[in-house]
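Chains as they are written, first to last, in my numbering: chain A, 1 to 140; chain B, 141 to 280; chain C, 281 to 420; chain D, 421 to 560.
Hint data in this document are derived by calculation from the structure and do not stem from the laboratory.
On a predicted model such as this, the values are computed, not experimentally measured, just so you know.
Careful: at least some of the hints might be erroneous.
Unchecked claim - Dumping the calculated DSSO-like pairs for lysine-lysine here, alpha-carbon to alpha-carbon at most 27 angstroms: (1) B:LYS222 x A:LYS109; (2) A:LYS40 x A:LYS109; (3) D:LYS529 x C:LYS362; (4) C:LYS330 x B:LYS190.
Stated by the list, open to error - Some but not every residue of chain D turned toward chain C, in silico, with C-beta under 10 angstroms: (5) GLY422; (6) SER423; (7) LEU438; (8) TYR446; (9) ASP451; (10) GLY462; (11) GLY466; (12) ILE475; (13) ALA477; (14) LEU478; (15) THR481; (16) CYS483; (17) TYR485; (18) GLU528; (19) GLY538; (20) SER540.
What the hints assert, rightly or not - Not the full set, but computed from the structure, chain A residues with beta-carbon under 10 angstroms of chain D: (21) TRP12; (22) GLY13; (23) GLY19; (24) PRO24; (25) LEU48; (26) ILE54; (27) LYS87.
Idealized CB from N, CA, C, for every residue including glycine.
There are 4 protein chains.
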Amino acid sequence: MGSLTLRRRITWGDLDALGIVFYPRYYEWIDEASHIFFDKIGLNLGRLLKEREIIFALVETGCHYFRPGRYHDEIEIITELKDLGEKTLTLRHEIRLSGNEVLLEGYEKRICVRRLEGTSFEAISIPEDILTLLRDHLQR
Amino acid sequence: MGSLTLRRRITWGDLDALGIVFYPRYYEWIDEASHIFFDKIGLNLGRLLKEREIIFALVETGCHYFRPGRYHDEIEIITELKDLGEKTLTLRHEIRLSGNEVLLEGYEKRICVRRLEGTSFEAISIPEDILTLLRDHLQR
Amino acid sequence: MGSLTLRRRITWGDLDALGIVFYPRYYEWIDEASHIFFDKIGLNLGRLLKEREIIFALVETGCHYFRPGRYHDEIEIITELKDLGEKTLTLRHEIRLSGNEVLLEGYEKRICVRRLEGTSFEAISIPEDILTLLRDHLQR
Amino acid sequence: MGSLTLRRRITWGDLDALGIVFYPRYYEWIDEASHIFFDKIGLNLGRLLKEREIIFALVETGCHYFRPGRYHDEIEIITELKDLGEKTLTLRHEIRLSGNEVLLEGYEKRICVRRLEGTSFEAISIPEDILTLLRDHLQR
Numbered sequence: 001m002g003s004l005t006l007r008r009r010i011t012w013g014d015l016d017a018l019g020i021v022f023y024p025r026y027y028e029w030i031d032e033a034s035h036i037f038f039d040k041i042g043l044n045l046g047r048l049l050k051e052r053e054i055i056f057a058l059v060e061t062g063c064h065y066f067r068p069g070r071y072h073d074e075i076e077i078i079t080e081l082k083d084l085g086e087k088t089l090t091l092r093h094e095i096r097l098s099g100n101e102v103l104l105e106g107y108e109k110r111i112c113v114r115r116l117e118g119t120s121f122e123a124i125s126i127p128e129d130i131l132t133l134l135r136d137h138l139q140r
Numbered sequence: 141m142g143s144l145t146l147r148r149r150i151t152w153g154d155l156d157a158l159g160i161v162f163y164p165r166y167y168e169w170i171d172e173a174s175h176i177f178f179d180k181i182g183l184n185l186g187r188l189l190k191e192r193e194i195i196f197a198l199v200e201t202g203c204h205y206f207r208p209g210r211y212h213d214e215i216e217i218i219t220e221l222k223d224l225g226e227k228t229l230t231l232r233h234e235i236r237l238s239g240n241e242v243l244l245e246g247y248e249k250r251i252c253v254r255r256l257e258g259t260s261f262e263a264i265s266i267p268e269d270i271l272t273l274l275r276d277h278l279q280r
Numbered sequence: 281m282g283s284l285t286l287r288r289r290i291t292w293g294d295l296d297a298l299g300i301v302f303y304p305r306y307y308e309w310i311d312e313a314s315h316i317f318f319d320k321i322g323l324n325l326g327r328l329l330k331e332r333e334i335i336f337a338l339v340e341t342g343c344h345y346f347r348p349g350r351y352h353d354e355i356e357i358i359t360e361l362k363d364l365g366e367k368t369l370t371l372r373h374e375i376r377l378s379g380n381e382v383l384l385e386g387y388e389k390r391i392c393v394r395r396l397e398g399t400s401f402e403a404i405s406i407p408e409d410i411l412t413l414l415r416d417h418l419q420r
Numbered sequence: 421m422g423s424l425t426l427r428r429r430i431t432w433g434d435l436d437a438l439g440i441v442f443y444p445r446y447y448e449w450i451d452e453a454s455h456i457f458f459d460k461i462g463l464n465l466g467r468l469l470k471e472r473e474i475i476f477a478l479v480e481t482g483c484h485y486f487r488p489g490r491y492h493d494e495i496e497i498i499t500e501l502k503d504l505g506e507k508t509l510t511l512r513h514e515i516r517l518s519g520n521e522v523l524l525e526g527y528e529k530r531i532c533v534r535r536l537e538g539t540s541f542e543a544i545s546i547p548e549d550i551l552t553l554l555r556d557h558l559q560r
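Looking at chain A on its own, in the form it has when it is part of the complex (with noise of 0.2 angstroms):
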């Protein structure tokens, strides 16, 4: 997979008091859509936690926003895994009213984890499986 596409309206709730979408919005969606881009390239995050205790935990975030979202206005998040280290990995997300504008760009970087107990994490290597299976979907 090149890339992922997931397409979603804005909606009232997104909103802020000036009628465009209220930022820490755009943070859920592009997680969001960092699970459904694992899930379609065969790795399930709920998955990888419950069976491995692994998961993708958040190193750094960022957005750069170009123009507001309005209410009822269709968007497509485009995601891409753009960097793959040992340990880590970063997506990129771009954020455009449906086959239009760009109103934002984004990022994720994330780094392996393994879960030790509780709330407890690690930094590991990222397993060689799971490396492979990323690189196949690694975006140049």
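Start from chain A and add chains B, C and D according to the hints.
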């Protein structure tokens, strides 16, 4: 005012399925901290919009995550004005466990815009009176 | 239209620390379903506000929870107009696993209000043209 | 403790495009108030889950909205335990402008459940020690 410190307690609804804070929540809190920061220095953003149709819209946001926040943790959100240009400003935020470890560092770059009508906006130079006010609270 | 059915997949950001949906999320979804329901019957709430300063504000909401929603579950949100008075209406929502068990039943009672200025509102009788439209989609 | 009063200020991210609180936010706040209420009477829900695999899951929630909350309003969230059965309890919440008008009344009916494994639960009688504790804080 050098920096603003807000205190809050991490609650159930802030957590994800790992029992740690779901990261878009952090952006909600730093956005809130910005609004309170502006209010404390005498620039209530609600009144600014109502009386002068001016807002400080987001251009760019980002966060580095160092440690996860957990249920019932008491945290401090520390906010400073770090950059001030003709049209833009940057707020720097740090979230730490009360008196202790840093959970994250983040920033918001905002641009001064005037609302034209409905949900259209144009970038403007920060008006002189506001600029003067902001300069007094710039942290270097 | 008898009822509207929306489909979505439960995602990471919807979960609490038990790994089940954090209940305020359900209210976000049924609010969204109401907006889409109104749009589908020809009553776009964004335009209604912009052109006539009318909105359907919330008077009362409630939900019964039968089973928890979990990561990656595909769900259906089914929305119907159940009551229609002079000033108020009630939407009934049901959320179920796709083609299967009911997760919750909820409702929203909404009242027709006109925006006076800023954030002040007064209750009004539902205008005749809107009432006629709504009557065609009332489910008994 | 008769009732718990929490104070907060309505912020930008709580508002919808009308400039009033988006109603699912109120449920987030009353859920938070419940957790703090339980903690204050000596029943930390995080520890209860961790140490005894017990939680108070939601059966039913509801709110009546009387007036809209607006930007920068200071509000009080007042929480009481109103009903206590063998397996269930009901919390009543009221949100008002500080020392003034009631914005809403809401409730949460919760049922005592034990976590079996993963995200499965079974309803149980409230253990005797917890029941005793709760009885002391029941408001009639």
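ASP451 of chain D as an interface hint toward chain C, with CB separation required under 10 angstroms:
7 angstroms, holds
Is the shortest C-beta separation between GLU528 of chain D and chain C less than 10 angstroms?
9 angstroms, holds
Regarding the hint that TYR485 of chain D lies at the interface with chain C, is the smallest CB-CB distance below 10 angstroms?
Since the shortest Cβ distance to chain C is 5 angstroms, the answer is holds.
Less than 10 angstroms between beta-carbons is the criterion; does LEU48 of chain A satisfy it with respect to chain D?
Hint violated; LEU48 of chain A Cβ to chain D Cβ min 15 angstroms, cut 10 angstroms.
Does the closest beta carbon of chain D sit nearer than 10 angstroms to the beta carbon of GLY13 of chain A?
Holds. Min distance 6 angstroms.
Restraint satisfaction for ALA477 of chain D [CB to CB of chain C, less than 10 angstroms]
Holds. Min distance 8 angstroms.
Minimum beta-carbon distance criterion (10 angstroms), CYS483 of chain D to chain C:
With Cβ-Cβ at 6 angstroms, under 10 angstroms, it holds.
Assess, step by step, whether the Cα of LYS330 of chain C is no farther than 27 angstroms from the Cα of LYS190 of chain B, and give holds or violated.
This hinted pair holds, its Cα atoms lying about 18 angstroms apart.
Would you check whether LEU438 of chain D satisfies its interface hint, that is, whether its CB is within less than 10 angstroms of any CB in chain C?
6 angstroms, holds
Is the interface hint for TRP12 of chain A satisfied, with its Cβ closer than 10 angstroms to some Cβ of chain D?
Holds - the Cβ of TRP12 of chain A comes within 10 angstroms of chain D, reaching about 6 angstroms at its closest.
Taking the closest Cβ pair, is SER540 of chain D under 10 angstroms from chain C?
Hint holds; SER540 of chain D Cβ to chain C Cβ min 9 angstroms, cut 10 angstroms.
Under 10 angstroms, Cβ to Cβ, is where PRO24 of chain A needs to be relative to chain D, so tell me if that hint holds or is violated.
7 angstroms, holds
The structure does not agree with the numbered hints 5, 6, 10, 25, 26 and 27 stated previously, though it agrees with the rest.
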